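Participant: Residue numbers (the UniProt record's numbering), protein chains in the order written: chain W, 1 to 503; chain L, 1 to 497.
Keep in mind that the hints were calculated from the coordinates and are not lab data. Since the structure is predicted, the reported quantities are computational estimates derived from the model, not experimental observations. Ideal Cβ placement from N, Cα and C applies to all residues, glycine included. Careful: at least some of the hints might be erroneous.
In silico DSS-like pairs for lysine-lysine, Cα to Cα no more than 30 angstroms straight-line [to be verified]: (1) W/K103 <-> W/K454; (2) W/K484 <-> L/K59; (3) W/K381 <-> L/K151; (4) W/K29 <-> W/K381; (5) L/K59 <-> L/K69; (6) L/K364 <-> L/K59; (7) L/K370 <-> L/K442; (8) W/K445 <-> L/K151; (9) L/K151 <-> L/K59; (10) W/K29 <-> W/K456; (11) L/K200 <-> L/K442; (12) L/K151 <-> W/K454; (13) W/K381 <-> L/K101; (14) L/K101 <-> W/K445; (15) L/K101 <-> W/K456; (16) W/K454 <-> L/K59; (17) W/K484 <-> L/K69.
Chain L regions said to be covered by chain W (calculated; three or more residues, Cβ under 8 angstroms) [to be verified]: (18) 61-67; (19) 139-148; (20) 162-174.
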Amino acid sequence: MSPLSLELALGVLGLVLLLVESFTRVPRKTLAYGAIGGLTLALLILVFGGASGQAPGMEEFYAVDALALFYKGLALVATIATIVLSLEYAPVVNQYVATYPEKHKEAGLGEFFSLPVFVCVGMMVMASAKDLITIFVALELVTVSFYVLVAYMRRSAASLEAGVKYLILGALSTGLLIYGLAWLYGMTGALTLEDIAKSLKHWEGSTAPLLFAAALVIAGLGFKVGAVPFHIWVPDVYQGAPTPVTAFLSVGSKAAGFIVLTRVVETFLAEGSAIAQPISHVLLVLGGATILLGNLAAIAQTNFKRLLAYSSIAHAGYLLIVLGCSPAGGTGLTPGQIAAFYLATYLPMTFICFLLLSVARAQGLGEEIASLRGLALSNPKLGMAVTLALASLAGLPLTAGFMGKFLVIFATVLDGLYPYLAIAVIGAAVGFYYYFRVILSLYSKTEGEAAPVKLKLGLPSVVLLVLFTASIVVMGVYPDSVRKALGDKGAAKAHVATAVEKH
Amino acid sequence: MSPLEIIILLPLLAAIAIWLGAPGRATALGASVVNLLLVAGLFVQYRGDKSVEGFMAYKNSHEVLSSPKIAFAVGADGVSLTLALLTVLVTLAAVWATTSKERLHYGASLLISCGALGAFLCTDVFFLYAFHELALIPTFLMIALYGHGEKRQAAWRITIYLGVGSLVLLAGLLGVVWYCRPPGGELTFDLLTLMQHPLKADAPYAQYAPANFFVLLVGFGTLVSLFPFHSWAAPAYAAAPTPVAMLHSGVLKKFGLYGLIRIALPLLPDAAKTPWVQDALLYMLLGNILVIGFVTLYQTRLDTMLANSSVMHMGYIFLGIAAGNAIGTNGAVLLMFGHGISVALLFMICGRLRNQLGTLEFSKLGGLAKNAPFLSLVFGIAAFASIGLPGLANFSGEVMIFFSTFVNFRPSEGFTFLQVATILSLWGVVISAVYMLRAYRKLFFGQAASGLYVSDPGYGLRVPMILLVAALLIVGVYPASLLQVIDASLGTLFAAK
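Let the sequences and hints guide you as you build the complete structure.
Facilitator: This is how it looks when you write it as structure tokens:
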């Protein structure tokens, strides 16, 4: 099975779901289960090697290396998790979409379950994209679907506001990106990243126009991943969007942005590149600023969703810093592999937090940290999972989150980037404060207060919760489980090297 | 599977079982008793088995990351077994002393115990670090939710301090891993491999060794409440629920000292002797002994006094490490054991007094011995141990430490700063005698305060106290029981040079 056929099949799946939604009266939840089933099947095919191997005739623009397969897996898992969360969140969506929510319990839910599938296709193509056109088209497929999803709850002012903000700023960033890509093409005369890398190696003359192009590309992608100073949309959009969409944005969209950034950065920083030095510097400075701003702004938040938004900005900072590290760093992993590992750890812990938020909102609780008080006491198992997720986000050892931070810090130490090491350490320490504050709130009970609500979880959510909780522990104590899926360092480096050497 | 893995994982599994619904007290007590027997068995076996001359016994290792090499590797020598013994003793007492009916309390104690055991018994730098950090969450939650007084503030302070301290430590550890990597450049976190390539004075990167040592000192030192990074400790211990105070001050705090002996000294052997590093350490430990000593004198509550005295006594252990020879380090480990037991015992009694009296102000208390002779006796023994009375465990450790600094003393050359510091810190013994004896007299003797009544614990509850007192007495009267084992391990550390 050629790798692209998986993406095609999923595209068809999305269309079928839309058609079924339009022309039949099957319960909307069946659609969600259909989507989950199809995506799970795709994931199994991917994991058991059915979709590996190079696509003939597409080597120039479509990479199917270990990293691409890894990101495709991430995209699938994130999408499945998003739909599971959407099932819990459906009542809220229904309330803000249907004209008579009491009468039509499932009105307006159809597209809400099928749009993520299209996002997933976009993200999977992005994971493989290695020429400018594919990158751009895939990115737009993801972004345009997200415009709809963010503004989906059309009777909610917050959702609409978030949608408009995301649309305008997203369009602006797209403009920057395409302008940068055009410059890049103009300067190098090449569309594929391999040719651009080759061109950069033998660059003669001024690097200023190249840097201009690179700056525009990094700015455009910086919007997508929420890097400072392109982060301003993140808190408002995250807060306003339906919670499952927020989770999807914070994990899926970010991962997609980072796989593209990884490939572009690998091109810019490849051995002998004329602009390696300044670009690495730019990434480090952006990363440092992102960590500081994200973490410091998170301290003041009283809304859990908003707190997670700022924390997601902070996590992007760690990824930017590691991408700025030298490709030949001594950790035994390439920066791209470390970033992929980090994102894999970020996925379960973030989704667990958003699962709590989705369930809490659908069952009448708010999104303020204060409204979640005592929840862990009345829901000990859910509470334990969320505690573990928050501990992992804070970077406590033997959880997945620590392993990710550990590798980033290790890379900066080996590169001798002590100022950025200091920033990473300060950021992590601040993180302890705001994540632990949420944990504390979950376990706090004031005398005389009404007993905290007992939350009900659907079966898919329980399965998701168990799997994600287990994966936080497994990745924390046995990181090789993920490390192996990333391919070995030799192969990853060879990939970069051949990109340069082939010409 | 090595027995050490069972010892580390048993408390964790018990904690999970409790969380899933097993009865709290029974499960926790059962796991603690089994663990005590297991560790004691290994300790006796290690003592008897002269063939384990090498560094680590009961080794086992499972690779978890192939590059850089990280493995869940366990192994023990005399030092780690001694500290593991301390851990299981205090854990049992702490679980026994828990008065709450909520299961969360037992799970938290077991998790802290698991973290400490993992930290002492792992021979992979990554896991050694990770297990210590694991104990942070239960400590934080227990102080913040079930503490006393300014509990929230204390919980935040301990979390932020220890969080930052351990990140500094992490940077130092990564440095060591980089500098001591085996030839060929493959990175590994395996302590035994790293130990074969210590960063000696003639190595290529030797100029970085003192700075690296200093980073480790600040990192480990923060975890041990080394002056001036100590200000988290006293409020945290005063605010913590009894079992957490016992476990943290008695056991977990020893991790920083253990790390210095286990990682910093063997891997950066010459850095500790660099004048500026040694001077810095001596100034800081004098801060612990003299500054905190005076602070302790002026405490008006039993819990804050005990907490400060615990911070103060860390200074002596650092002094033993600063001496940089076998006697000093042996004494340091011995004192770690003695201090751990005695401070746990003191906090245990302190918790009982708080429960029954509701106040710990010296000015409001007095004459408790009349109704609680057993408690008064045990408090007396623990207090005497903590001020270093001969016949109790702490004495031999302190004496060895004081002697060790004079090993290289040449009268013709006069005192070095090390010896001056020792003479100054001897005054700390006087200070601690003053505050401990004053507290003992004030609380248990003299005029009984009206309306306040403390009863002796029942016979069942006396068992953990008797256990700890017995440990203090056995090691005090026959220090060789531990020293033979400790020295066999540390001997190689200093003989290699």
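Participant: None of the hints should be skipped; say for each whether it holds.
Facilitator: These are the hints, each one checked on the structure:
The hinted pair formed by W/K103 and W/K454 meets the criterion: a straight-line CA distance of about 27 angstroms does not exceed 30 angstroms. Of the supplied pair hints, the one linking W/K484 and L/K59 holds, its CA atoms being roughly 26 angstroms apart against a limit of 30 angstroms. This hinted pair checks out: W/K381 and L/K151 have alpha carbons roughly 26 angstroms apart, not beyond 30 angstroms. Distance check on the hinted pair: W/K29 and W/K381 sit about 26 angstroms apart at the alpha-carbon level, within 30 angstroms; holds.
Between the alpha carbons of L/K59 and L/K69 the distance comes to roughly 17 angstroms, so the proposed pair stays at or under 30 angstroms and holds. Pair hint L/K364 plus L/K59 does not hold up; C-alpha atoms about 54 angstroms apart against a cutoff of 30 angstroms. For the hint pairing L/K370 with L/K442, the CA-to-CA distance comes to about 13 angstroms; that is within 30 angstroms, so the pair holds. Annotation: proposed proximity of W/K445 to L/K151 holds, straight-line Cα distance about 15 angstroms (limit 30 angstroms).
With a C-alpha separation of about 41 angstroms, the suggested pairing of L/K151 with L/K59 is violated against the 30 angstroms cut-off. The hinted pair formed by W/K29 and W/K456 meets the criterion: a straight-line CA distance of about 17 angstroms does not exceed 30 angstroms. A distance of roughly 53 angstroms separates the Cα atoms of L/K200 and L/K442; the hinted pair therefore is violated under the 30 angstroms criterion. Of the pairs offered as hints, the one joining L/K151 and W/K454 holds, with about 28 angstroms between alpha carbons and a cut-off of 30 angstroms not exceeded.
Simply put, W/K381 and L/K101 have alpha-carbon atoms about 19 angstroms apart, close enough for the 30 angstroms limit, and the pair holds. About 17 angstroms separates the Cα atoms of L/K101 and W/K445, which keeps this hinted pair within 30 angstroms; it holds. As the CA atoms of L/K101 and W/K456 are separated by approximately 27 angstroms, the hinted pair is consistent with the 30 angstroms bound. Between W/K454 and L/K59, the direct Cα distance comes to roughly 47 angstroms. Violation of the 30 angstroms bound is thereby established for this hinted pair.
With a C-alpha separation of about 13 angstroms, the suggested pairing of W/K484 with L/K69 holds against the 30 angstroms cut-off. Given a C-beta distance limit of less than 8 angstroms, the hint that chain W covers the region 61-67 of chain L holds, as 5 residues qualify and 3 suffice. Interface restraint, the region 139-148 of chain L with chain W: holds (4 residues with C-beta to C-beta distance below 8 angstroms; minimum three). A count of 7 residues in the region 162-174 of chain L with a Cβ less than 8 angstroms from any Cβ of chain W is obtained; the coverage claim is therefore met, three being the minimum.
Checked against the numbered hints above, the structure breaks hints 6, 9, 11, 16 and satisfies the rest.
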